[in-house]
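Participant: The lines below spell out each chain.
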Amino acid sequence: MANPFYRRDVISTRDMTREEMDLLFNATDRIRGMNMQERLSLCRGRVLCYLFFEPSTRTRLSFEAAMASIGGSSIGIASGKESSMEKGESLVDTIRVVDSYSDVIVLRHRMDGSARLAAEVASNPVINAGSGAEEHPTQAMLDLYTILKEKGRIDGLRIGIVGDLKYSRTVYSLLYALAMYRVDVHLVAPPLLRIRRESLYAMDSLSIREHDSIDEVVDTLDVIYVTRIQRERFPDAQEYEKVKHSYVIDDRVLARARSDAIVLHPLPRVDEVAYHVDSDARARYFKQASYGKDVRAALLALMINAIPPV
Amino acid sequence: MANPFYRRDVISTRDMTREEMDLLFNATDRIRGMNMQERLSLCRGRVLCYLFFEPSTRTRLSFEAAMASIGGSSIGIASGKESSMEKGESLVDTIRVVDSYSDVIVLRHRMDGSARLAAEVASNPVINAGSGAEEHPTQAMLDLYTILKEKGRIDGLRIGIVGDLKYSRTVYSLLYALAMYRVDVHLVAPPLLRIRRESLYAMDSLSIREHDSIDEVVDTLDVIYVTRIQRERFPDAQEYEKVKHSYVIDDRVLARARSDAIVLHPLPRVDEVAYHVDSDARARYFKQASYGKDVRAALLALMINAIPPV
Amino acid sequence: MANPFYRRDVISTRDMTREEMDLLFNATDRIRGMNMQERLSLCRGRVLCYLFFEPSTRTRLSFEAAMASIGGSSIGIASGKESSMEKGESLVDTIRVVDSYSDVIVLRHRMDGSARLAAEVASNPVINAGSGAEEHPTQAMLDLYTILKEKGRIDGLRIGIVGDLKYSRTVYSLLYALAMYRVDVHLVAPPLLRIRRESLYAMDSLSIREHDSIDEVVDTLDVIYVTRIQRERFPDAQEYEKVKHSYVIDDRVLARARSDAIVLHPLPRVDEVAYHVDSDARARYFKQASYGKDVRAALLALMINAIPPV
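Residue numbers (the working numbering), protein chains in the order written: chain A, 1 to 310; chain B, 311 to 620; chain C, 621 to 930.
Just so you know, the hints here were simulated from the structure itself, not pulled from any lab data.
Treat the hints with care, as some may be off.
[Said to hold, decoys possible] Some but not every residue of chain C turned toward chain A, in silico, with C-beta under 7 Å: (1) E684; (2) A688; (3) Y801.
Ideal placement from N, C-alpha and C gives every residue a C-beta, glycine not left out.
Turn these sequences into a full structure, and let the hints guide you.
Facilitator: Have a look at this one:
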């Protein structure tokens, strides 16, 4: 079987099929089952170059840890302040140069379209690790992998997505990916932060309902996916204060949730999931983060053709 | 023999015994005696995650060099500005996430108690690389190792510690560690910068005398340990100017020091050791820094159980 | 044959001979011909320490990629803001400490003389990756290697160097290196940005002519080497605006250039080479950047004595 990930750019979950997603999850399972020697031999001598022009802890470190776990190494810039972009260099020039230093580029950039642009310019594959308010596809991959592992399946689930849906790029990647499955999606957001209307066309196969409050649906959900209300993307500080406590998952909400529901969050969290929820067995967001390393390791190994697709 | 360092947090030298310290120094000697192949096989595939929320050159690089020298790799954040802490994430959440990316976490943080908190949260071991004004235990480990190698023993020595004793976390870790040995300690500091009274309870087995000037004791000391007077921790700039030149080691002081004394400093130095002292055979602070890599490599190898304890 | 690069500092191209340059290019060719296994075995376990007190993307990443490609690893600081220099530490102390952590130091610093100073202090070799407005010798090495590969020879060529010649350290390293060859050099710069007169003594074997406009010579040049007019080094913003468009390579200029000319640039570029030039077959600046990794890998392998000199 040909490897559909080999030397392929990973820009949007819209570019993927369900078969490819299954293949990625299968590769993740296989990599998790390997001993350290086997893992380390996969990408020995390979180099990942990360370019993070927006700050990040978990995504960058997750990619670095993933690459290290399969024997490769990582170089890059962790913030735009270190780079020649300060001297006025274009993103295109930066990409063209680092393209010759590495086997794969992982880019985070505040501009919509930045990852697509980088992929057009680079000869090696580019992974979008967050482009503007658009997408963050590897987050969606690990989200789905988490649902699969923690719930045993994806099809047939009722999935609530709560919080800032307008500016959260992880939500868009997740919804485009969920559109490959047969799920019921419930979006819970204040009117100001509802999902962008123009994105719905790419999800028309998806059953979506919108709600003003988590209380309307919490008792029916299999998955409660919470997102941060991102202060820095909010146009008005007062509006932020007004809504920030309205979509919080806490004991009161969990008391009404199903006993087999799971709570996910792409992290970082501020206060939209109360800290006391951490000790509830349904909280799986740290497990979700930990799956990220292995899903990304599998993706990298596939892109470099270091493991067979099946 | 069981390995007491295996998967153990290293938060304070108060948690250690003299036997453990001896064991660490023995492992350091063994690692220094290995050829490159042997060393590199110790922690192959292992990952250290450093989280430095306060700036550092030598400690972070020393850990990275130590890990590289035993075949492992390092990922992390070199300053708080790169991280998701800027988005309002708690230290606890950051620790929980990177815990799944790595085998050991090395943390520097301005808050007292930060390392202890991290250790409680993380499933993998945490090394305190500086918590507030409290402690910096691996610095004390390399300090003692340096004394052992350069003086041949620790017991029976007269050890002077000079400078800012109030705010210097390295001094506290060193004093707690020295309390395991039979040494005479002479603390030399201006009244404003004397050692914190509440710390003395953990050193009550230690013979301590306090002095206002290095001149009172310099002719009797085996070890002259100098610390920086840290401008950034000083409440008042004028007070800083008044004391900063009062505890300087220079030719005048060295002329009265024993010919077999050694001068140590945790570095970075500003002007508390005059530059002309560098060429004096008694200056050992750069050698001290160089021992740091091997002591930390031994500690990491023990924590990962990559070498037997004896 | 003895290896003249073994444990040698690389501070200035003035310190090199043509034979050494040939030897480096030969080693580069050999390394490019190796398979991954061979390359990775060269510097396994070796550590490069980079200290970049001025921002950089390509030089730092090029060195890290070079080191990774020959099996070594890199540690360091990517900007002065992360480091203990903020606590008032001297460059000399920083060098002395990291010297014991690594096998080679790569330094970029805004001060003239910084690399020479570091080399005097360090026991391990130091590579100058940019010292003030003085030199950037590894850039010149890859420049010459590019000319050799893309034009087949260096001797006998007519080489134009265009732009800010006064403040561009890459130009000085390149000119000192070109002085080992029999080439005609044409310098094209506004009067304010002409090459520093005091540097000419080290190039007196070189045939140099100076011009006010690229139009005077473009039709005769084999190599058009363009440099950025560095805004941050310019004393007056208005003067910058006046000259910045005067030395631009665009379609109008290329129409008069030889069909076998090549256009080089040390990068980053701002607007001194028009973006539409990228698609002209004569544009070789991205290829030039890509050669940098292999030239630096060869240099590092020679300095560590990991490959024979011939």
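Participant: Should the interface hint for Y801(C) be scored as holding, given a Cβ-Cβ cut-off of 7 Å against chain A?
Facilitator: 26 Å, violated
Participant: Does the interface hint hold: is A688(C) within less than 7 Å of chain A, judged Cβ to Cβ?
Facilitator: 5 Å, holds
Participant: Holds or violated: E684(C) as interface residue toward chain A, Cβ cutoff 7 Å?
Facilitator: 4 Å, holds
Going through the hint list in order, the structure does not satisfy hint 3, though it satisfies all others.
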